[in-house]
Amino acid sequence: MPGVEQLTFIDLSLYSVIFLFVLGFIGGLVSGFIGSGGAFVLTPGMMTLGAPGAVAVASNMCHKFPKAMVGAYKRYKYGQVDLKLGVIMAISAAVGVLVGIKIQEFILAAWGEAGSNLYISLAFVVVLVVVGGYVFRDAMKLKKSGKEAGTTKLAQKLQSINLPPMIHFKTANVRISLWFTFPVGFATGMLAATIAVGGFIGVPGMMYVVGASGLVSSASELVIAFIMGFTGSVKWGILGMIDIRMTLLILAGSLFGVQLGAIGTTYVKDYMVKFVMGAIMLIVAVSRGLAIPNYLTQLELMSVSSGILQILSTVSYISMVVALGTGCVIILGAMFKGIRAEKAAAEVPEGTSYQEMKAS
Amino acid sequence: MPKLARQKRKKALRNAIGFGLLTAALYAAVFMNQGTVMTYFTKGGMYAALPVLTAFIFSFAHGAFAGNFWSAVGIEASKKATRVKLPATKAAKRVRPRPRAQMSV
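Those protein sequences? They're chains H and A, same order as listed. Per this note's numbering, the first sequence runs over residues 1 to 360. Per this note's numbering, the second sequence runs over residues 1001 to 1105.
Excised from the complex, chain A in its bound form:
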């Protein structure tokens, strides 16, 4: 595996572990406090913000975990299909040293 791809996968693995721990903590927090959560989250009215915001928070944390998980195990979008077309560049001008008259004695 080319070096760059190896580094990318290592980074994805680190991120996956990090976000995975965060997600696990969030799920534990909700499910270990089911009674309290369900009381407030189903109160209705303004409390609607609770389930909606919770869904957003979990989607960021867990979404990042899941995305990094797939990258870490090597499942990623096709490079061909998602290749960004770079604009054509002009070749850089080579700087040649100015020829100097040499005199060998």
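Isolated chain H (complex conformation):
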């Protein structure tokens, strides 16, 4: 691949080490809870440390699949992972990734780097606002009504259509034609190839199109992430672009975070996954929206001074971190609330007789 010989791998300072660890932890925590999400903070994060874009993407991928594996294993033990669903989705996602990459190459050739960045940012904003808005509204409705999430009308309709082969997903408790899983998986892969996070379509797709619960969808997404991350890492490894030091530093934080996130899911109601996911998607949409004037200026479709563009760029990145930080605060808050409640319920001293307990 041209230009590989000129690649530089950055020197790591103490600041970089701590920065990558903390970012890894936050990304891991969110991933463990909603099934996806660390990539768009980690990749730009590594680039702000000076790593070339391709190295950042490669190193992030190489951390993604082990993190997803650990998260998926933990949530599998909690009975939330539908392995069959994850694997079947991963197959169509792989096709989606290939098509997504081809489209990126075409746009890069036609409109250059600025055009490519504009396309990516527009994809971010449109998908995140539309899907994130829907997910967030759904979460608020469930929170208000206090009812358990039901299957959407669309999912019910699709499940009722008998188009062989029909697949029974045991953990998700869904029986649906294999053909209807393809668009969801395909879109997941396409989005992953475009903005590096496929789960923002994958998880809502599994929830609203296939009809799985929020917990099962986010857990099974980790299986897709593992498979796609592994194949992507092999590809990047063959190109010699993985900076294993950055990968390991991110892993140091994210393996703490992803397990904590997984534990957190056992203390919350199903709508909480939707709430956190929707909130993060909407804030990130704003963040990416702030980056658009930069690309429009580069393409001479707009004229903004470089000083303002610099400010927008900084605010854009900070708001990205705020998005994930907000998610972390919500997750940890809900988790500790649940832990306290369970501990209080179990607070019956040993040896208390029945009469003593009744009297207390």
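Among the hints, erroneous ones may be present.
Claimed, not checked - Calculated cross-link-like contacts (lysine to any residue; reagent style SDA-like; alpha-carbon spacing at most 20 Å):
(1) Lys1079(A) with Tyr73(H)
(2) Lys1008(A) with Ala149(H)
(3) Lys77(H) with Met1103(A)
(4) Lys77(H) with Ala1061(A)
Calculated directly from the structure, the hints in this document are not laboratory data. Please read these numbers as outputs of a predicted model, since none were measured by experiment.
Since the structure of chain H is provided, determine the placement of chain A on it from the hints.
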């Protein structure tokens, strides 16, 4: 804290220390040999196995450390949500001694 929970936490602490030392050794090995590591790990081609396998090894060691760490400090999955439903069992048959005729003289 009930005795069983105390024992579990002690075991998690022991495991955390063990895996923590292993992980620390692995990280030291990589970062004290950055030059050599980066030369081989970015050679490309078949050498792709190096970063990929390394990621797997670290995820097992460090993943175990992190998991045991959370258990040792008392942060674990909700018992309610992850309780395994045991199949209903029939009460064991009580064995009563056969009544024997006693004669007291």
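Checked hints:
Taking the CA atoms of lysine 1079(A) and tyrosine 73(H), the gap is about 18 Å. The hint holds against a cut of 20 Å. With a CA separation close to 35 Å, the supplied pair lysine 1008(A) and alanine 149(H) exceeds the 20 Å bound. Pair hint lysine 77(H) plus methionine 1103(A) does not hold up; C-alpha atoms about 62 Å apart against a cutoff of 20 Å. Distance restraint check for lysine 77(H) and alanine 1061(A): the Cα-Cα separation of roughly 19 Å lies within the 20 Å cut-off, and the hinted pair is therefore satisfied.
Hint violations for this structure: numbers 2, 3, all remaining hints satisfied.
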